[in-house]
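Asks: As given, the protein sequences belong to chains W and H, one line each in that order.
Number 404 marks the last residue of the first sequence (the numbering used here); no jumps.
Number 449 marks the last residue of the second sequence (the numbering used here); no jumps.
In short, the hints are calculated from the structure, not lab data.
There is no bait here: all hints are sound.
Mimicking DSS-like on lysine-lysine, the simulated pairs with C-alpha atoms at most 27 Å apart in a straight line are:
no., chain 1, residue 1, chain 2, residue 2
1, W, K84, W, K137
2, H, K430, H, K313
3, H, K281, H, K233
4, W, K271, W, K399
5, H, K104, W, K327
6, H, K123, W, K327
7, H, K233, H, K31
8, W, K327, H, K197
9, H, K313, H, K281
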Amino acid sequence: MSEDPRLTALVDRAGALFRDQALAAVREWKARTGGLAVGFLPIYVPRELLHAQGVLPVGLMGGRPDLEIIKGDAYYQSYICHLPRSTVELGLNGSYDALDGLIFPAICDVIRNLSGMWQMLFPKVLVHYLDVPQNFDPAIGGAFYRRDLESLSQALEARGARALTAAALRQSIALYNENRRLVRELYALRRREPWKVPTHELYVVLRAALLVPVEESTTMFAEYLALASADRSRRPQDQARVLVTGSFCEQPPLALIKTLERAGCYIVDDDFVQVHRFIRSDIPVDGDPLQSIVDALLTDAVASPTRYIADEVKGADLNQRAAESGAEGVLFCAASFCDPALLDQPMAVRAVERTAIPWTAFKYAENNGQFQVIREQAGTFADSIKLWSGA
Amino acid sequence: MSAAPIVATTAHKDSSQVRQKEMIARHFDRLAAAPDTGTRCAYTFVPGNLTELLLSFDVLPVLPEINALQSAMRGKTAEYIAAAEKLGHSEDVCTYVKSDIGMMKSGNIGPTGQRLPSPDLLLLSYTGCFTFMKWFELLREEYHCPVAMLHVPYQADGRITDSMRTYVVDQLKNVVIPKLEEVTGRQYDEDRLRAHLARSAQAEDDLVWVLQSAKNVPSPIDAYFGAVYYVGPIFSAFRGTADAVDYYRELREEIAGRIRQGKGPVTPDGEVERERFRIVVEGPPNWTSFRQFWKMFADEGAVAVASTYSKVGGVYDLGFRHDPDHPLETLAEYCLGCYTNLSLPTRIDLLTRYLSEYRADGFLINSVKSCNSFSAGQLHILREVEARSGRPGGFIESDLVDPRYFSAANIKNRLESYFQMLDQKRAGASS
Ligand code: SF4
Ligand code: SF4
Numbered sequence: 014m015s016e017d018p019r020l021t022a023l024v025d026r027a028g029a030l031f032r033d034q035a036l037a038a039v040r041e042w043k044a045r046t047g048g049l050a051v052g053f054l055p056i057y058v059p060r061e062l063l064h065a066q067g068v069l070p071v072g073l074m075g076g077r078p079d080l081e082i083i084k085g086d087a088y089y090q091s092y093i094c095h096l097p098r099s100t101v102e103l104g105l106n107g108s109y110d111a112l113d114g115l116i117f118p119a120i121c122d123v124i125r126n127l128s129g130m131w132q133m134l135f136p137k138v139l140v141h142y143l144d145v146p147q148n149f150d151p152a153i154g155g156a157f158y159r160r161d162l163e164s165l166s167q168a169l170e171a172r173g174a175r176a177l178t179a180a181a182l183r184q185s186i187a188l189y190n191e192n193r194r195l196v197r198e199l200y201a202l203r204r205r206e207p208w209k210v211p212t213h214e215l216y217v218v219l220r221a222a223l224l225v226p227v228e229e230s231t232t233m234f235a236e237y238l239a240l241a242s243a244d245r246s247r248r249p250q251d252q253a254r255v256l257v258t259g260s261f262c263e264q265p266p267l268a269l270i271k272t273l274e275r276a277g278c279y280i281v282d283d284d285f286v287q288v289h290r291f292i293r294s295d296i297p298v299d300g301d302p303l304q305s306i307v308d309a310l311l312t313d314a315v316a317s318p319t320r321y322i323a324d325e326v327k328g329a330d331l332n333q334r335a336a337e338s339g340a341e342g343v344l345f346c347a348a349s350f351c352d353p354a355l356l357d358q359p360m361a362v363r364a365v366e367r368t369a370i371p372w373t374a375f376k377y378a379e380n381n382g383q384f385q386v387i388r389e390q391a392g393t394f395a396d397s398i399k400l401w402s403g404a
Numbered sequence: 019m020s021a022a023p024i025v026a027t028t029a030h031k032d033s034s035q036v037r038q039k040e041m042i043a044r045h046f047d048r049l050a051a052a053p054d055t056g057t058r059c060a061y062t063f064v065p066g067n068l069t070e071l072l073l074s075f076d077v078l079p080v081l082p083e084i085n086a087l088q089s090a091m092r093g094k095t096a097e098y099i100a101a102a103e104k105l106g107h108s109e110d111v112c113t114y115v116k117s118d119i120g121m122m123k124s125g126n127i128g129p130t131g132q133r134l135p136s137p138d139l140l141l142l143s144y145t146g147c148f149t150f151m152k153w154f155e156l157l158r159e160e161y162h163c164p165v166a167m168l169h170v171p172y173q174a175d176g177r178i179t180d181s182m183r184t185y186v187v188d189q190l191k192n193v194v195i196p197k198l199e200e201v202t203g204r205q206y207d208e209d210r211l212r213a214h215l216a217r218s219a220q221a222e223d224d225l226v227w228v229l230q231s232a233k234n235v236p237s238p239i240d241a242y243f244g245a246v247y248y249v250g251p252i253f254s255a256f257r258g259t260a261d262a263v264d265y266y267r268e269l270r271e272e273i274a275g276r277i278r279q280g281k282g283p284v285t286p287d288g289e290v291e292r293e294r295f296r297i298v299v300e301g302p303p304n305w306t307s308f309r310q311f312w313k314m315f316a317d318e319g320a321v322a323v324a325s326t327y328s329k330v331g332g333v334y335d336l337g338f339r340h341d342p343d344h345p346l347e348t349l350a351e352y353c354l355g356c357y358t359n360l361s362l363p364t365r366i367d368l369l370t371r372y373l374s375e376y377r378a379d380g381f382l383i384n385s386v387k388s389c390n391s392f393s394a395g396q397l398h399i400l401r402e403v404e405a406r407s408g409r410p411g412g413f414i415e416s417d418l419v420d421p422r423y424f425s426a427a428n429i430k431n432r433l434e435s436y437f438q439m440l441d442q443k444r445a446g447a448s449s
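With the hints as constraints, model all of the structure from the sequences given.
Replies: Rendered as structure tokens:
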């Protein structure tokens, strides 16, 4: 809640985009510009490349709890996460008709196999499996990734997108740098004053940004940052500072995020809608811009459970984020049946335990509607943190 | 159901079986002695294994998936999985991983009852599945030994591109081989590697002959349950050895003999005397109730004439052979070509092709909870293959090594209804 009507209006606008499962905003953009729109699944694709070719990158993150799954369940057994079935549902019910293609980043076997299913279900659209390298040597994994990006670029061009030029790519990199900088600032503000940036609000703003051109989302981020930080009606409360991790692909329902906050948690760091923060700093705009995009992935991407961590200690990145955000507890919050998150969790837990920060864990599905158990668990967790920090 | 199609035979072991048993025993003896002899060992995986390269460095492979399935057959995995879950491993994830971790925590006793050596190297090649990567990240925390990572790209568009091949070869040259040199203190010897690869190709020829013998009616082999034994040596520690060449030659001769005599496959409960149904199977078997599961097929006279599981360690029947003239390129092609690294449309094409080439009555999918790599998309495969082939598909669910997910009564019911349906279809077609 805010006493500034401009902030309320902005969050409402973002909320409308977030609820826009049928991509009306994308259709409208296409009608206005005649450009191509290409969807991408979690976690990360180099949106700069698409933008430089005049393509609108559209971030898809599964379905909301109110999406009725009619056909999607017929494609997946009960022991597979929920995101692919809602994605198939939205594809089959026409919600994604505005998309000229879909990019499937290599993060897990489910997304991988979904790319083949998509080729068969929607033979007219471009399907690109972005085989993100797990070798981070520029001459090996970097060279492979560059070739993959070049083939993506050519495939877009074959569909009618502009040819990729270094000048356009530099400009796009600059725009996304600014966009990412604002997201970093929002996260920094939330770390400093979490009451100013409630996560259920920030989350909706980040989701809304997936459907609009970068120029528009940058404006939205900047306005939100200015309005939220200036809002004096938002005052600190006695909440426990927690870091939420494990929700990088299938997203928790918004009501679950609200539940955590109502249960007494300030979320001071998370991995929701991570495409905005997957590359941690600015990508250089000088030099060979395509190589800069490649290098950013090799050297500056977050230590996601979907990436092979070669030499660093597993969980070091998580501990560093916990320290930087001043988290007093860690919530392991993964989608049920999410292999990368759940296989990673024992290692992450061990890492967190080395720092003596308390943690708790639970699972969700994007279509969950009941949060009583989680509310109690998070409430007890937050209470115990407050009790100990006050002691 | 009509007269029992199985004829009990006295427990007779073919000489190839005896040979395989001896090969395995010798391998585990060498592993058990490794800490004393100083022999290096690498833990690595079946799909995309680099056995010839390891052997060229005199490194012995240990395959955790094989240990897990052997543990399941010995009834150990319930306890191992429980131990891993107690340590915080999720009930949702692959049970091979949990079985392996539980086994390690329980003393790392291998399938022959001997202790397995700790790895000198974790050779992480995760063809066709992301879980492998997490698995070795977990093991690395336990063993603190060097890891060599070989990332094998996915054949998303149904083909191997030059870029993929180059990427894998670059990693072999710059990551895997230097790491093997470091761990063993020996130099890469390409001539030795070529010699192993030449032996691989010989054995692969004979294996393909054996698998394709199921085109005969009746089929002399069971290409799913029985094939598990046939692919054993080539999928594990023996590809590229003289032992494997001898084993496959002998096996081929035995199967040729069965064809001459018009005999059906041998099962643990006897010989399938009357082949009633010819089935193509997709998905891995269940290992905790392997014999019981097999018997459910054999009792009905259902013979698997082709399977995809027998291709997880290499799809040789489409023509690929290890090529000693291009040692690293051939290893790259091998890794890229394993079954679960194929796109969904390619898997559908392959199954449809098997149905017609092996004159099958239908196909069955055993969908295992553990394995998203196999399972995510199988319901789509079911519908597509049915539509393309016009042959009925059946769908059952179980798990690899977690006995909690093998519901014998339920699976038996489903199989019986499926076979009944095939019978009715056949009766309808002939009336
Ligand atoms: S939720 Fe996890 S398992 Fe499911 S698609 Fe996403 S990363 Fe893969
Ligand atoms: S998920 Fe499947 S392919 Fe991967 S390790 Fe487990 S059983 Fe093997």
